[in-house]
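Engineer: For reference, the chains in residue letters:
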Amino acid sequence: MEVTYREAMREAIREALQKDDRVFLMGEDVGRYGGCFAVSKGLLEEFGPERIRDTPLSEAAFVGAGIGAALGGMRPIVEIMTVNFSLLALDQIVNNAATYLHMSGGQFHVPLVIRMATGGGKQLAAQHSHSLEGWYAHIPGIKIVTPATIEDARGMLATALADPDPVLIFENSTLYNRKGQLAPEAGAVDIERARVHRAGRDVSLLTYGASLFKSLDAAAALAEEGIEAEVIDLRTLRPLDDETFIGSVTRTHRAVIVDEGWRSGSISAEISARLMEKAFYELDGPVERICSAEVPMPYASHLEQAALPNVERIVSTVRNVVRTHG
Amino acid sequence: MGEFRMPSLGADMEAGTLLLWKVQPGDRVKRGDIIAEVATDKGDIEIEVFEDGVVEQILVEPGSKVPVGTPLAVIRSDGEQVSVPAESAGPAAPQRALSEMGPPTELQPPPRPAADRRPRISPAARKLASDLGVDIDTVRGTGPGGAVQRADVERAAETKGALREVSERATDRTGMRRSIAAAMARSNREIPHYYLATSIDLSATLSWLETENEKRSIKERLLPAILMVKAVAKALGAVPELNGYWSEDRHQPQESIHIGFAVSLREGGLIAPAIHHADRKSLDELMEAMRGLIERTRAGRLRSSEMTDATITVTNLGDLGVEAVYGVINPPQLALVGFGKITDRPWAENGAVGVRPVVTATLAADHRATDGRQGAQFLEALKRHLQEPASL
Numbered sequence: 001m002e003v004t005y006r007e008a009m010r011e012a013i014r015e016a017l018q019k020d021d022r023v024f025l026m027g028e029d030v031g032r033y034g035g036c037f038a039v040s041k042g043l044l045e046e047f048g049p050e051r052i053r054d055t056p057l058s059e060a061a062f063v064g065a066g067i068g069a070a071l072g073g074m075r076p077i078v079e080i081m082t083v084n085f086s087l088l089a090l091d092q093i094v095n096n097a098a099t100y101l102h103m104s105g106g107q108f109h110v111p112l113v114i115r116m117a118t119g120g121g122k123q124l125a126a127q128h129s130h131s132l133e134g135w136y137a138h139i140p141g142i143k144i145v146t147p148a149t150i151e152d153a154r155g156m157l158a159t160a161l162a163d164p165d166p167v168l169i170f171e172n173s174t175l176y177n178r179k180g181q182l183a184p185e186a187g188a189v190d191i192e193r194a195r196v197h198r199a200g201r202d203v204s205l206l207t208y209g210a211s212l213f214k215s216l217d218a219a220a221a222l223a224e225e226g227i228e229a230e231v232i233d234l235r236t237l238r239p240l241d242d243e244t245f246i247g248s249v250t251r252t253h254r255a256v257i258v259d260e261g262w263r264s265g266s267i268s269a270e271i272s273a274r275l276m277e278k279a280f281y282e283l284d285g286p287v288e289r290i291c292s293a294e295v296p297m298p299y300a301s302h303l304e305q306a307a308l309p310n311v312e313r314i315v316s317t318v319r320n321v322v323r324t325h326g
Numbered sequence: 001m002g003e004f005r006m007p008s009l010g011a012d013m014e015a016g017t018l019l020l021w022k023v024q025p026g027d028r029v030k031r032g033d034i035i036a037e038v039a040t041d042k043g044d045i046e047i048e049v050f051e052d053g054v055v056e057q058i059l060v061e062p063g064s065k066v067p068v069g070t071p072l073a074v075i076r077s078d079g080e081q082v083s084v085p086a087e088s089a090g091p092a093a094p095q096r097a098l099s100e101m102g103p104p105t106e107l108q109p110p111p112r113p114a115a116d117r118r119p120r121i122s123p124a125a126r127k128l129a130s131d132l133g134v135d136i137d138t139v140r141g142t143g144p145g146g147a148v149q150r151a152d153v154e155r156a157a158e159t160k161g162a163l164r165e166v167s168e169r170a171t172d173r174t175g176m177r178r179s180i181a182a183a184m185a186r187s188n189r190e191i192p193h194y195y196l197a198t199s200i201d202l203s204a205t206l207s208w209l210e211t212e213n214e215k216r217s218i219k220e221r222l223l224p225a226i227l228m229v230k231a232v233a234k235a236l237g238a239v240p241e242l243n244g245y246w247s248e249d250r251h252q253p254q255e256s257i258h259i260g261f262a263v264s265l266r267e268g269g270l271i272a273p274a275i276h277h278a279d280r281k282s283l284d285e286l287m288e289a290m291r292g293l294i295e296r297t298r299a300g301r302l303r304s305s306e307m308t309d310a311t312i313t314v315t316n317l318g319d320l321g322v323e324a325v326y327g328v329i330n331p332p333q334l335a336l337v338g339f340g341k342i343t344d345r346p347w348a349e350n351g352a353v354g355v356r357p358v359v360t361a362t363l364a365a366d367h368r369a370t371d372g373r374q375g376a377q378f379l380e381a382l383k384r385h386l387q388e389p390a391s392l
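Protein chains in written order, with our numbering: chain A, 1 to 326; chain B, 1 to 392.
Below, a sample of chain A positions facing chain B; criterion: calculated Cβ distance under 8 Å:
id	residue
1	His253
2	Tyr281
3	Glu282
4	Asp284
5	Gly285
Don't read these hints as lab results, they were simulated from the structure.
For each residue, glycine too, the CB sits at the ideal point set by N, CA and C.
When you get a sec, could you build the whole thing from the sequences and use the hints?
Structural biologist: The following block contains the structure:
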């Protein structure tokens, strides 16, 4: 059955609400407006205002309320419009949600799920378009997942809700309209392992989120030149599945990381460091990174596109890596 | 005592021409003194000395072109006894001039390029070189900035392997021929051979094999030769007298069944390394063992146990179109089993003639150890096993 990413996510939320009375959705415009990306459209009518709760523009307050509800036995899904706005709730996320289990000596789990949109490409300008999931992946005590595929949009939420600790779901806003096939029986998926989407012997393309599809397109183009790129969707940025991407680089001996975040201090920097630490003797050349330009995301479409990783840049970088490195 | 050598005046410099000496034997020199001039592709360059001492000997005459690293003069450090190196006693012979001598390999090998820059070697290339036993310092890099990468090491390993094979084979071939000659002459001199042959209808076996192979990937497919090896091993279970040695003038049957499998080498000669415990191996294990053996035999990397442990030999010349093999026993073994080509032959059965794929199996056995009766029992058992492939 063909569905959009948005519909898959909505179905995941609906299923969670149906299956578990403790689950509720809370956030700005999630109710009457149907969600700023229309993910929760129709859910208010179906589940009522007790479980689909519109909040004031008060990220710190409603994330904090979510933490309290989670501590009180509920299973809240808190939606934040974009990752940029989540910075208003950073104190709640980093100082409270991420720390309670440790600070209570293991007594208080915070089974909270926070969903937010991330990424650029929709001309929403610098205050709505950044990719800060790599930042969050710095924080111990929370899990960071980045569903890229329809299956993961459909399946990651249930696993996140089942997790006794906070999970942050980053949904790249360019993916909501993406269509794909979804098996009628599709359900929960793991949030532990990276996934090899395309096998290849020449180079490993390590990526996540919307960059997965750019990487797959690049790999298809490269295949026509005889370069076989292995494409890996990291899926979860914290904890990283080292085994899968290191295994891949052990086979290909070359790595190119595609990360929509900024390069400095990014998740791509972390992956690169782990490759150096754990696969140094497998590397036949330096690890390359394709990241967003280190500027606030431009509004003008051509500048925005130039700032983001794109297929051409991936193709030329990989070509360079493979051709000049052996 | 120090040697004053032709210096490397740039990473790409291989040789230089000594233009003139500014010193003579007996002259005192100080570190930093300019004592010679050398012509390079980039122009004439003055060369300094790097130690204090006395010029003891001039080794290279002006006008000679020598590779980087060639000693040009001997400098005696202060306090050292006057001495003349034994090898250059008498008037110093001018160093052979490169221009007349051809490749610099004939001269002193150049030392590593000046260590002004650490060589660029990728970690993976370094590891691969160590795995393959390639000296990383000899590998020429073709990566960025001359970096050595995996592909460079692979190329170097191939070249090295090819060179070694060529040189080993050139010397080995005569040696191998000699040892085959000795063994075969001894065999025919000492072993009273008797020969038996039987024809075996393989139609059931081959169709079983076909079905079996359909289930397998191309890599895992079984060859008829594997069934033959296994059938021999099984038949030896029934007639153990044929498995083992005649040595110290007595029959010494062996319990373990190690089948020597004759592998002919492309450039002549033959080795029959042992497949250990062939009776206990599954067909797949045998296939794998045989593939490995053939590969290593041809690469010259057999283990000593494989060279000496065989208790019987199987030879298969079917691929060359031979109908039957009447072999010479490989002493001290007791027997040799030969297989010819599987051919379609008219075959009488139940009063009718049909066409069947048939192979002729032969036994050459040592009459000191066994008699024709045991030989016949063996061939009968072999036939039975070979016709019941599922039991192999």
